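> Could you build the full structure based on these sequences and the hints that come with them?
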Amino acid sequence: MGLAILLGCFVLGIVIGLPIAFALGVAALVTAMFEGIPELIVFQRMIAGMNIFSLLAIPFFIFAGELMMRGGIALRLVRFAQALVGQMRGGLGLVNVLSSMLFGGISGSAVADTSALGSVLIPMMREKGYDDDYSVNVTVTSSIAGVMVPPSHNMILYALAAGGGISISSLFLAGIVPGVIMCLCLAVAAWAIAVKRGYKAEPFPGLKAAALAGIAAMPGFMTAVVIIGGVVSGIFTVTESAAIGVIYALIVTSLVYRTLTVRDFWLSVVQSIRTTAMVMVLIGTATSFAYFLALYQVPALILELLLGVSDNPIVLLLLINISLLVLGAFMDMGALILICTPIFLPVVREIGMDPIQFGMLLMMNLGLGLTTPPVGACLFVGCSIAKVPMETVLRTIWPFYFAVFLALMLTTYVPAISLTLPSLFN
Amino acid sequence: MRFRILDYLVAIIVALGGAAFVVLIGITGWQVWGRYVLNDTPTWAERLSLLLILIVVLPLAAVGLRERTHLGISFLISLLSPRLQWVVNIINAIILGLFGIAMAGYSMQLVNGTWNRKIPLLGVPQAFQYLPLVLTGVLIAVFMAERLWFLLRHPEKTTDIAE
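Chains as they are written, first to last, in the working numbering: chain A, 473 to 898; chain B, 2 to 164.
Treat the hints with care, as some may be off.
To be verified - Stretches of chain A that chain B covers, calculated by requiring three or more beta carbons in the stretch to come under 8 Å of a beta carbon on chain B:
id, stretch
1, 478-488
2, 739-752
3, 841-850
Hint data in this document are derived by calculation from the structure and do not stem from the laboratory.
Treat the numbers as computed from the prediction; the structure is a model and nothing was measured.
The beta-carbon is built from N, C-alpha and C at its ideal position, and this holds for glycine as well.
Right, here's the structure in full:
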């Protein structure tokens, strides 16, 4: 009965439009009242969930992404990508995918990626004669690279939700190959559609211009190297690396590029703390909610249920993928990582899947959820930048969804894709 | 249409949160500098950072409710008639307001219960961890009261923000 109240209150809260973070908190509070558990435990668990040092990396990553967007790093990365692949057929589509991979590797957020690159590339693509639906489709789906290519704050959430024991540096390394494969699949889809629609290639700017674009982008790109290098080498903790990344991005944008004004700096601070507030409160209330899930032994129930359906790992993984895709279409990524990890991780461990590989599967599934209706933050951002209705975009997005799905299946069923790099470095 | 005084309150919360965030970055930078350059780790830095992040984010979470920036599913409500949307928004404001009151009340119990215990390495009461939660609960209740006031005075509107 308690579990029914917990889930019922949560679903009802979502249906009547409560913010997800608060629907989780209200459901936990009502359940505590029903069970006669001291209600203050809900708020004590909230603070305990937020009081973890590695979580401090999240605001720093968000802030670094804001600085890059306002400080000109994103623009330089786009120019570099344009010099590299712009001369191919449908070149700006490929520029978009490559830029997402480069920028996602720095900002670590799909929404930041869509917003930063979309505001640069969508108008540019429109000017060059690309259809708006194509521009939005490429921008939105390639932004999933932001959660796959390190550093990704969602991977920190996953490590936290897994109850420790999973190294964040291994997760960062594991994300690289699946992220690149996904971007390759998207690049093929973008190219094929560009050829079909007859989009033209950009003229090659010349070797000198390409080299200059590379040199201009290099200081900004080094932000990713500083952050990832610090974590993977084990010299710094993830939070320290993120803080160093912020300080480095500040130096690059204010002293090297000289594009960051005091106003830009303050706007970046304000936007970062607003986004951080949403993420952290979600972590807090999801921790309270997860406390009750554990109390009702939900992970064990789901394990029993899934193993009752089939004990074939291929079938089970397909079921888990479908569940995550459906959930991802309706709920925010952060909340789902915190709720689904303790539920599904025991199941995949039971069938012999490495938790690091499962992390990649989770990231890609939920990343795809950010691009699907009805609750796709990246899709909303992309459509609002291009000022096109979502229906127009959705009519032609299917080849891009298929490309990501293909990468997802490869990540799910070929463990080496996720595990080779971490095992090489460890 | 909002209460002007609450607009000022929000501006103050954002400004203080921003300043605290800049300090937070400075502290973590100092921690790295101390550990790797001075070979003298400032042991207080980690605990202070954790306290500061609560001060930064929790009141802003309440501000996010006022400004409707938290993630949620609104498309189901948008399918309803304007009158029903108005009713659902009133129910939402009441639920969130009650949650805010509960947050403030129960967190105050946590403050009272931990006032005499110190946070290791900082030496300040553990209650400081829960004080931002009390403030947030109060802010949520106030902001939701503002929303209710607006919705009740304007039954023709479906929400309290510009659509």
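> For each hint, tell me whether it holds in the structure or not.
How the hints compare with the structure:
1. With 4 residues having a beta carbon nearer than 8 Å to a beta carbon of chain B, the stretch 478-488 of chain A meets the requirement of three or more and the stated coverage holds.
2. Note: the stretch 739-752 of chain A has 9 residues with beta-carbon separation from chain B under 8 Å; the three-residue rule is met and the coverage holds.
3. Look at the stretch 841-850 of chain A against chain B: 3 of its residues bring a Cβ nearer than 8 Å to a Cβ of that chain, three or more, so the hint holds.
The structure meets every hint from the earlier list without exception.
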